[in-house]
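S.K.: One letter stands for each residue in the lines below.
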Amino acid sequence: MGKPTGFVEFDRALPSKRTPQERIKDYHEFVNRYTDHTLQQQASRCMNCGVPFCHNGCPLGNIIPEFNDAVYKKEWNKAFQILSSTNNFPEFTGRICPAPCESACVLGINHPPVTIEEIEKHIIEIAFENNFIQPKKIHKRTGKKVAVIGSGPAGLATAAQLNYAGHQVVVYERDDKAGGLLRYGIPDFKLEKWVVDRRIKLMEQEGIIFKYHANVGVNINVSELVKEYDAIVLAGGSTIPRDLAVKGRNLNGVHFAMHFLKQQNKRNADIDPLAMASIESNIYPTTINAQGKNVIVIGGGDTGSDCVGTSNRQQATSVIQFELLPMPPKERNYNMPWPSYPTLLKVSSSHEEGADRKWSIATKEFLGDANGNLKSIKIVDLNWTTTVDGKLGNYSEVAGSEREIPCELVLLAMGFTNPQYEGLLAQLNIELDERKNVKAGDKNYQTNIQKVFTAGDMRRGQSLVVWAISEGRECARKVDEFLSNKNSMLERKDNSLLVHLDQVVVKIP
Amino acid sequence: MKRRKGLYDSTFEHDSCGIGFVASIKGHKSHQHISDALTVLENMEHRGACGCESNTGDGAGIMIQTPHEFFFDECLKLGIHLPAFGKYAVGVLFFPKEKHLHDECKEVFSRSAEKLGLDILCYRTVPVNTNGIGPTALSVEPTIEHVFIACPDEIKSSDEFERKLFILKKYATHTVLNTVKKDNIGFYIASLSYKTVVYKGQLTSMQVRSYYPDLSNKRMVSAFGLVHSRFATNTFPSWRLAQPFRYIAHNGEINTLQGNLNWLKTSEHNFTSHLFTKEEIEILVPIVSNDQSDSACLDNMIELLTMTGRSLPHVLMMLIPEAWDGNEHMEATKKSFYEYHASIMEPWDGPASISFTDGRIIGATLDRNGLRPSRYCVTTDDRVIMASETGALPVDPATIIEKGRLQPGKMFVVDMELGRIISDEELKQSICSNQPYGDWLNQYKIRLEELAEPRVTFSYLTDESVLKYQKAFGYSTEDIDVILKSMALDGKEPVGSMGTDIPLAILSNEPQHLSSYFKQLFAQVTNPPIDPIRERMVMSLAAYVGNNGNLLDEKPEHCHTVALKHPILSSKELEKIRSIDTGIFQAKTLQTYFKADGKVGSLKHGLDRLCRYAEDAVHDGFEVLILSDRALDSEHASIPSLLATAAVHHHLIRKGLRGQVGIVIEAGDVWEVHHFACLLAFGATAINPYLALASIRNMKANGNLQTELSWNELRANYIKAVNDGLLKVFSKMGISTLQSYQGAQIMEIVGISQEVVDKYFSGAVSRIAGIGLDEIAKEALTKHHFAFSKNELLTDRLLVGGIYQWKRKGETHLFNPTTIHFLQHSTKTNDYSIFKKYSKEVNEQADKAVTLRSLLEFNPCKPAISIDEVEPAENIYKRFATGAMSFGSISWEAHTTIAVAMNRLGGKSNTGEGGEDEKRYTLLENGDSMRSAIKQIASARFGVTSRYLTEADELQIKMAQGAKPGEGGQLPGHKVDDWIGKTRHSTPGVGLISPPPHHDIYSIEDLAQLIFDLKNANRNARINVKLVSKAGVGTIAAGVTKAKAEVILISGHDGGTGASPLSSIRHAGLPWELGLAETHQTLLKNNLRSRVVLQADGQMKTGRDIAIAALLGAEEWGVATAALVVEGCIMMRKCHLNTCPVGVATQDPALRKRFSGNPEHIVNFFKFIVQELREIMAELGFKTVNEMIGQVEYLKIKNNTTHWKHSKIDLSPIIYKEPNTNNSTLYCSEKQDHGLENILDWKLLEKAQPAIQNNEDCKGYFKIVNTDRSTGTLLSNEITKAYGSKEMSENKIHFKFNGTAGQSFGAFATKGISLELEGDANDYFGKGLSGARLIVYPSKSSFFKPEDNIIIGNVALYGATGGEAFINGKAGERFGVRNSGANIVVEAVGDHGCEYMTGGHVIVLGETGRNFAAGMSGGIAYIYDTKSQFEAKCNKEMVELECCITQDSAIIKALLNKHYQFTGSSIAKFILSDLENQLPNFVKVFPKDYKKALARLESSTAISVHK
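Going down the list, the protein sequences come from chains A and B.
Per the working numbering, numbering of the first sequence is gapless, rising by one per residue and ending at 509.
Per the working numbering, numbering of the second sequence is gapless, rising by one per residue and ending at 11507.
Keep in mind the hints are simulated off the structure, nothing from the lab.
This structure is a prediction, so every number in the text was calculated from the model and none was measured.
Idealized CB from N, CA, C, for every residue including glycine.
Don't take each hint at face value.
List time: in silico DSS-like cross-link candidates among lysine-lysine, alpha-carbon distance up to 25 Å [to be verified]:
| # | chain 1 | residue 1 | chain 2 | residue 2 |
| --- | --- | --- | --- | --- |
| 1 | B | Lys10026 | B | Lys10169 |
| 2 | B | Lys11153 | A | Lys3 |
| 3 | B | Lys10468 | A | Lys493 |
Which chain A residues face chain B? A few, computed with CB under 7 Å, are given here [as the list claims (entries may be wrong)]:
| # | residue |
| --- | --- |
| 4 | Gly108 |
| 5 | Pro112 |
| 6 | Ser376 |
| 7 | Val380 |
| 8 | Asn383 |
| 9 | Thr385 |
| 10 | Thr387 |
| 11 | Asp389 |
Chain B regions said to be covered by chain A (calculated; three or more residues, Cβ under 8 Å) [claimed, not checked]:
| # | segment |
| --- | --- |
| 12 | 11132-11142 |
| 13 | 11466-11480 |
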């Protein structure tokens, strides 16, 4: 804490953004950098709390007060060292993490919290600019080989960590490039793909091998992998989207969000969005475009927002977003006290760009024209009850509120239910949990098959990128221990390394 | 040795006392001197104590010259014709009562004498009168006999005869000890000399005269009588612990005893003396036997050094030297004397007032701090009367020539053969010129700065190796960022807040630094801590590396040692020492490593080798051993430096070689102050922290420090921070010099096996056993492995630590994000189910044990009952108190919210030490009260007025605080806003200092006096004494109970909102479980438990905590931190920065607005806790809380612990059940008798009725004697009760007294009263003066000059908040300390005058002692300095000296006019008569801050006027 009174002197300030009018003309990121002065001021708002709740709130256990202090003192390399000791990819989390750390920030009890996420992004970008980040030479190789299936954040984190532990890592990715949702789920305006490329290149230089268009269970034989590798990590994500089984679902113009978003990402990268459909994920055979259409996005989450932003960039005529749940409160209430992660009304940058948001809406039916093209949607308002302790209860339809709204494109952004079972998982005959995720405990990440591990959404169900990285790191440690048959020297999330070293030194009789 | 079962240990016992003597300067013998001495004793009864029985004393006695005529007659009766005086000796022998033991001992004694060629003439049974002696004392009463021994013809000199007797005494004692079965409990030689005889026993002061009829025999004559009355913390009967001893009567405490005894033990091997044969020396050792009091040990040492040829004053100068190091005003020969002797031996350090005699001279000396009072007077009939109090022997004022006091470090001797008093100056001048000490030093002393450049030096460590070493030695990023950086940049130890909630080392999962198992001990009650900053002049860091030589002779080469100004060596300095070769002085480096193979026994092997090499090196003639851990590598780990040091130290002690070498430590695992303190405490002479220095150097080189400071400056800063920190560590134990701290083992070890302690840390206090060598090796190897394992992490960082801040990968904290969240959420929503989640998190720590209690579980011994049968919650709330957090440390909102909540519940909140705004005495509109029931009395006495005391239900004397026991505090000026300034009775903007000690509590009898004062000030309030848990706290608590406290709070080490040095928060004090259990056990053992309420606090968080505290013996409990968390605290740990973001611990108005606490939440919290407690009570079958107090059998140690460390802990001493032999209650059921019925104030009160009732003027006249204490205090209480916030008009009541006033004359006297004293007064005159006028002048019949004579004692006007005092004479030490508002005229003062003063005016019309105005931040003093001596005596750190201007002259004139008017002072008269010319002689002492604040106030007034 460079400045004890920083939090009193300075208000929370986010970096400026390009105006919505300007930014919707392209797919580039639009958040500007802080000036050095502002960055320092914002970092000085950190109070270096005796109990840093942020540090607890972060699934990675980022040592936030320490890097804030280093930023305040402009000790960039130190800040980078601190940040990267717990987080392999701050350039991703710095852009797209919903920042549970900020919800837990102590300052947030009565004032706006520290801009931790922005500071994180600045640290890593400054580190790249100053060439602090160089591919690390791995001097000691163990001779063990690990296959990581899936190159989303969980797979990448696992791969990076296992590589540091000296194992040879090969990453199998069914798409044409690495990154998973980072690559083809998140729109470029939130995460430009050179950021992903930059990281992948670094990992390759450190010795990780990436195999693309390698869909294990489809064009790669699972059992051969099992034979070839000493361990396999399944990090394929939770990819089955939640569907909306109402009448008219099959009409042309009702699409899953991922199909829509991936196409635009590919277009931005000058890649044919419809190619390689049999190998890659989320390839829809025809072009989905919002241009000139009335677009309805169903689902009020982050993916929904991404659909809004992308639709606007595709010059949709109108964009409406529906959410089943009622509008959340703007401030914390009784049921979501600090420092828990609250469900609050969030206005995303895409919303700034224009969208009509509606809450407590249920979809009754999609209506089409004679050609089977979508022409409108039938919805109904919902009435939600509250329980005695203020929590959300049941809903009922508001009589007489049923109505039709014209639209030509509906994007379903209601989340994901579980990983894909056919192919890889089926062939491995892997055991699933009751939610149809791959079954493995969060203590060992090991599946029912001894040398097969799993991490990320595939194990935990759909979640945040920061959780994916966290899972990947923890899983890597377990794999390392499995391979070396001793305690891993890789960083742990909780407890210091030393605690677990005690088993390897002095056996007390 | 007998193993303890519980926690009590007899070595914790303390005593302190009243002493005195009456002597004839000319050596005229008379019975009157004996009788007078006994009168002195009897008049100091209040300085002694009695235990559970009022007629069993702690011990008292008298020493006199051998009354030859009397003995001659007595022996004639026995048929023996005594030879002439000097030709025979008298021994006073205590024999066991049991016949056969008695005979056996006597047999041994006779045979011993025979063997030494001494003829026993006869034994005489000493007649005693046991009437009125208490049963406890009688239960072990010895048979007391005199033995008469003839001086053999071949012995020609009387000194030789004394030496022979000395040998006999030792021989007989050792033989009895070794041969007679059933230890020597009954056999003791009280004195054995031809010159002196001692009569003593376990008696009260009043009983000595009647117990020994001899003493009343008129034929018994002596030129002096030297008396002593003892106030012990225990009441276990022991006749031989009574004093005087053979040479001294000691009022004080030797803090460094363990070290002194170790050094003595090792030097015994080298003893040679031309006065004793080798065989005789062998008989004499061990010089000090086990199971003695510190005073007895000191007497043994004095006896040895005197017998071997030094004079008694010379010996005392060696043992209790003046503060010479750094004293520029000390005369050169004297300084050389002290410096020479410092290289031979260390001081026996601690507060001491010693009266001594060898039968020919009699004298007294005072330690360098002057922490015990000693007053004397010389009369026209050539008598000297010296005592702890003046007036102890009534003397006709007309016969007094001189009244004086002993000054710090000074000696006073009456040579009865020469027939005159020898002044300190003359005496020391003569002793110091006995030898050419200065020449010897010039010739032999090796001064570091004069040494040649080293032969070789290490190159600097590279970044990479620094990191590797840091890992291997266990550095964390916190150690670098929090500790090292702030020491290097600011030159100070870092500060933190909110106590500690991490596990003890033995409970922690993180590999520990070995020193974390060591807890610093500290002083409380029985001796005071010292202020190492403001009283720096008494402190010394000087260290001597080399051979100590033979203690029994004086040779020039004894001082051939390396003199260090302080014990911290830079790497270059170390190399210089390594390179020394003077021809007879060389150093040897030994590597401290062990094989890192992880095998059982490897560490032991390494230690054995190290000790072997060390022993060889000493035999090979090296004078310095350098223990180095630099040479670690992947296969060899370094032995923790503390273990290596202690192992070598104790090995060499056992071999008798330790004194021949200095041990220098070159260690990587030493960086914070506590690490250094531990090394020094266990034998290191000097330390080179090479890795800490390299870490700082590299940070600077890499630009990581953001500072302009150079590397040299950073290093100097770091070393300064370590040194200042060390001074603080010594001073908190009341130790002044590094030399006496070295090897003194002032630590309690928690969690190391007894085997390891006995072997490597021999003699150190350790009560909770734990890990052994292999586990220590494991912790070291874990770090070693971390450093040397090959791993390729993305980033290579040190561990995060997590000690000072919760960290996910760091140490466990009880307050963590989860528990804080649950606690706040549950109390806000009044949801008990969430609270249960919280308490589950806190209580069930599983393998992460944080507290000792987490290793205990309930052990139901009877059937459970329904919770409905348990007494209702409403009965239980009153047993709760909240912590002492001051307004100032926490905000008004936070403070009053707690007060309101506690008042709603019927519990008690505590003011803390910051005073209390009087508006809190009025109820709020809704009926709530913001008044804190407990008013704290802390060392600074902020706002402690008669009103404050009167408005209390309980008065708490804070002896120490958990976060920083033994230390003072400081509230910086910028935090003292108008409001706080007003509440604390100080000036806004002026910094406030809380001294480490209460200046009116230097000993247990002083505490008794303060309790008496407070009881007078509000007899309806309970008196609570707050102690901090440490080894021996139970023994102290027993003493405190005997001092009449009604509540004793045992506070854990872990609490505290206040700002404290981080090392103190973590390393000082112990958990409450230990302190509470020890206290309960010890009180029960002493049959005192039922007399006092026991309260415990320290991170109590749940009902389970409370239940355990109750079962361990606490019937009341304090909860502080948890209550703060309930009102919003989120453990920011930034209280000291005033930046609390939730408005709890801040005074910033903007931040205070963020406060969101609510009394209702706190009420909910206590309801939950009590509900949980009641659930546990039901489960255990207790219907009432009283039933469960002290029922430790309802606790057992969890037996399923498999953790590799936890399973080694032995908690059985904590749950040991002390037998309740007297069948008293295990909780408080008796009232203390404060003896208020017969005090003088009742007469005062009666006389004052017209004034109180009808506002009429009234006058009165009273006789007063020294046993009339706290005069005017009860009267003031009554006036305050009647007047409240209104004030009585000035001088409404005018009482005149004649005689010698006892202690605390006019304490807390309130406005409206004038007390005029003709005569003199003792200590604490005008303590806490609250508006009254005090006048004192000598008896009109005296003819001495008032301005040259002492008229009031030490610590006068301490903490005065208002009023006036006019003193026609000199005052003692520490005059006007912490005065915040009184206007005072005095004619001279002793050392440390006006220390910490914050307000008011003091005029001194004569000399001051040294260190005037230390820490003075406010008020003004005027010194009439005609000889221009003042400047040298003033501590100018915080004040400026100026000339007086017009305003000043008006003040001076007004006050002097009054002074003259009230006292008739001749000096005032003279000055007033020549004011214009005399004014320039006044020096104005103007505190810098105060000056600024006044200027600010003036300008702001000017501005407001302008507006």
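S.K.: All the hints need checking, so say for each whether the structure fits it.
M.R.: Results for each hint:
| no. | hint | in the structure |
| --- | --- | --- |
| 1 | B/Lys10026 x B/Lys10169 | violated (31 Å) |
| 2 | B/Lys11153 x A/Lys3 | holds (21 Å) |
| 3 | B/Lys10468 x A/Lys493 | holds (23 Å) |
| 4 | Gly108 | violated (10 Å) |
| 5 | Pro112 | violated (12 Å) |
| 6 | Ser376 | violated (46 Å) |
| 7 | Val380 | violated (36 Å) |
| 8 | Asn383 | violated (27 Å) |
| 9 | Thr385 | violated (21 Å) |
| 10 | Thr387 | violated (15 Å) |
| 11 | Asp389 | violated (9 Å) |
| 12 | 11132-11142 | holds (count 7) |
| 13 | 11466-11480 | violated (count 0) |
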